[in-house]
Amino acid sequence: MIKRIGYALAAPTIAAVVAILLSAVVLLINGSDPVVALQAVIEHGTQLETNIEALNRASALYLSAIAVAIGFRMSLFNIGVEGQYVLGAFMAAAVGAQISLPPVLHVLVIILTAMAVGAVWSGIAGVMKVTRNIHEVISTIMLNVIGVAGIVSYLLSRWKVEDANLDTKLADIPASGWMPSLNTWVELFTRDIKRVQLHGFVLVAVAVGIGYHLLINKTRLGFDLRATGANPLAAEASGVPPKRTIIVAMLLSGAVAGLVGLGQLLGVDHNYNLRFAQMLGFAGIAVALLGRNNAWGIAFAAYLFGWLERASGVLAIKGDAPREIVTIMIGVIILSAVIAFAVVERRRLADMVRQAAAATQEAPS
Amino acid sequence: MSETLAVELVGITKRFPGVIANQDVNLDVRDGEIHAICGENGAGKSTLMKILYGMQPADEGTMKVNGELVNFHSPKDAIARGVGMVHQHFMLADNLTVLENVILGAEPGHGAIDFAEARRHLDEVGEAYGLTIDPNDLVETLEVGERQRVEIIKVLFRGAKILILDEPTAVLVPQEVEELFRNMRELKAQGHTIIFIDHKLDEVLEIADRITVLRRGKTVATVEPSEVTTHDLAELMVGSELPSPETRESTVTDHVVLEVRGLTVDAADGSPRVRGVDLTVHRGEIVGIAGVEGNGQGELVEAILGIAPVSAGTLLLEGEDITKWSVRQRREAGFGYVPEDRHRRGMLLASPLWENTMLGQQSRVPFVKGGLWIDKKAARERSSMVVSDFDVRTPSIDVPAKALSGGNQQKLIIGREMSADIRVLIAAHPTRGIDVGAQAAVWESLRTARSQGLATLLISADLDELIGLSDRLLVMLRGAFTAELDPAEATPRILGGYMTGAVTESGQG
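Sequence lines, in order, name chains A and B. Each residue of the first sequence is one higher than the last, beginning at 1 in this note's numbering. Each residue of the second sequence is one higher than the last, beginning at 1 in this note's numbering.
It is worth saying that the hints were derived from the structure and are not from the lab. Note that CB positions come from ideal geometry on N, CA and C, so glycine has one too. Misleading hints may appear alongside valid ones.
So, partial list: chain A residues that the calculated Cβ filter (under 10 Å) puts toward chain B [stated by the list, open to error]: (1) T219; (2) G313; (3) A316; (4) T327.
To give an idea of the chain A side of the interface with chain B (calculated C-beta under 8 Å), a few residues [to be verified]: (5) D172; (6) A175; (7) K218; (8) R220; (9) A227; (10) A230; (11) L233; (12) A234; (13) S238; (14) G239; (15) P241; (16) Y303; (17) M352; (18) V353; (19) Q355.
What follows is a set of in silico ranges between Cβ atoms, one per label pair, in the way DEER data are often shown [claimed, not checked]: (20) A/W159 - B/W373: 42 to 50 Å; (21) A/T13 - B/S388: 35 to 43 Å; (22) A/L233 - B/K376: 18 to 26 Å; (23) B/K377 - A/Y7: 21 to 29 Å; (24) A/I134 - B/L138: 25 to 33 Å; (25) A/A207 - B/A333: 35 to 43 Å; (26) A/T13 - B/W373: 45 to 53 Å.
Build the full structure now, drawing on both the sequences and the hints.
Okay, here's the thing in structure tokens:
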């Protein structure tokens, strides 16, 4: 038992130490003082507002990573989360602005629209794989370009409304389709929050995380997905229908991907505009890798990403180091984590092989 | 036979994580002799040979070749000293010719390949060895025995005087084995030294000049064939009496469980692999299928299980047409499957044992509850039961399947299929690559299931196993059943004749 906990903690600890050391080296090469920079980041990063922004960012990254992880669990590489969420949010914003419904129902329709669009977009890749054996990496990359650069750009230029600031955006979603901020709830436990809003959509991310955990670990479908990911030939022989499982996994992945951009849409902007955050789909791949496709691991990784992004903003402002340093640091952290996990996993397996061999020899033959 | 030692290994020790593959192993091979290495699976034979061939370094010990101390870092070093190895699994490029395969990696000429020189050298080697294959034939057109000869010639071409053959007879039928032995004697007459691994003891006694037996990574003895019987050798190998696969009294009923009518299976390229076969398996019966590998047995099994698409024909399970059923439907109706390659088709190597116990039965009770959820508690209970009932040696049911030895993995697979509620068992090579103890356990499980009324289709390359366990024997050749035999009258020789098509049966079948 102690050994198990030891193995569980070893990898993150090694990764953190290596990452901090390497980041310090990067800062030194850049000519900045790592201690000063670290102090600045920690000081800024421990403020309530920074953490709320980090949480907003993390919840979007979390959903993106869960979408990627659903595919990963069965060895499907859905690189198309990017296209699925941008297209999903765009269509949901368009639909949400055109309809008028009672408050909760309105939000629900917007959410379901985004999920359906995301699922359709990933489902195309699934159908192509099943019927024509086209690798999902190729098809989803193509679908990203078609979706974001093609459809969204074209329709935005057709459907845009211009306001006083000459902003290019879709029409606003009426207030019945907004999701309230969670600030008042957080303030019950903390001081007043200045400037920033905690997205209500964070709760949806939590629910998706729980759903993902249950689906993968507790259901028949989850077992089929994992079995296919671990050994597709054995899974097939065990009765898992390979084609149907691919389609189901792609649809689920796309549906979750559709949610990625909704925190910003429903909680803050209330319309689709040019400031809509992109690239979350690709970041989600890194987060899923770092979190090892595990609901808790991904939550931790997503928060780490979100926090680093927000907390490090201070580096640029104070002029201690360029902001890009953070990108390097995130890369260093991913690499350290992936390597540390691989090393620890190898040790753990060798340990188990040793135990199994010992058990074989002790037993009477 | 001179007294010079071609190979002298002293105190070789090799450790892998958790396992000592070789422990203080000594081996003397005289110049110009055929030296057999015997031992159960996992006794350390292959590891020892890999060390001698430079594929793995020894942790301790010294090696001498022709009296000189050597230290091989790669097979290249070994070949430079005249040591060559033919692996159990052939390493040939199917789409190249025999000549091209032989020279691959040792091409004569600088820059451009000097094919004339290569051909001249190959003819030299081939003549000495008695090569009867056209060097311009594509390897994919060759039979197994011929491919093996190409592998041996590949090694001779590189100038090897000491040949290591890793289980050369495992893939051959009896007639081909005789051919191989003729060739080995020929090579010996020309002054080559041959070290070969085998665990078919009558073969070893027939061909070897001396025999070294390994058990659990240690040298047990080096003996001469005239001094020992197969019985003695077996005792040396396992330290106790060898079990036999004999079946007891017949439990066959006239109730047909599985019926196959006119089954045809085509490969992806449209070529027929199974040609309109008929087959019935009764309750309490084991039907054995003999055949040289690649004659459609694999496709037949996959079609019955529903993995491979059926081109024509009907499958009936107790009278019900299941031809169009999915694999899952068949599993749920009571199909058990012991796959030919347990790592490819039978296990999730990185997943814990208790999850592996569910595999194939994950949609049935006790593993599901409420139709949707996995019943982890029941799955773990079942897994513990399989582990104890089928003597799977493991520290716990939470270790990943890959931590277990092959024999224990196989016992887990057999156990999970047998403990499920099944009517039909398709067992493909159920004892391949596992040690004698596990083999006996597997045979016992098959016999028990048979007496409880299970209908079993057994495919095996181990002819003694087929003859010993089956109630009825079918021989499969080029996608069709060419003979039906009574195991009481069949011998490996007779089966071998049918398997190669040298003997054909008329009237029956």
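Hint validity - A/L233 Cβ closer than 8 Å to any chain B Cβ: 5 Å, holds
Chain B contact restraint for A/G313 - C-beta distance below 10 Å: 40 Å, violated
Status of the A/A227 interface restraint (C-beta, 8 Å, chain B): Check passed: Cβ of A/A227 comes within 6 Å of chain B, closer than 8 Å.
Hint status (Cβ of A/A316 to nearest Cβ of chain B, threshold 10 Å): 43 Å, violated
Hint check for B/W373 and A/W159 - Cβ pair distance inside 42 to 50 Å: Holds: the Cβ-Cβ distance is about 44 Å, inside 42 to 50 Å.
Restraint satisfaction for A/K218 [CB to CB of chain B, less than 8 Å]: 6 Å, holds
Hinted contact A/Q355 with chain B - closest CB pair below 8 Å: 4 Å, holds
B/K376 and A/L233 - C-beta distance against the hinted 18 to 26 Å: For A/L233 and B/K376 the Cβ distance comes to about 25 Å; the hint holds.
Interface hint for A/M352, Cβ within 8 Å of any Cβ on chain B: 4 Å, holds
B/L138 and A/I134 - C-beta distance against the hinted 25 to 33 Å: 32 Å, holds
Hinted contact A/D172 with chain B - closest CB pair below 8 Å: 41 Å, violated
Per-residue hint verdict: A/A230, partner chain B, C-beta under 8 Å: 4 Å, holds
In summary, the structure is inconsistent with hints 2, 3, 4, 5, 6, 16, 26 from the numbered list given earlier, while agreeing with the others.
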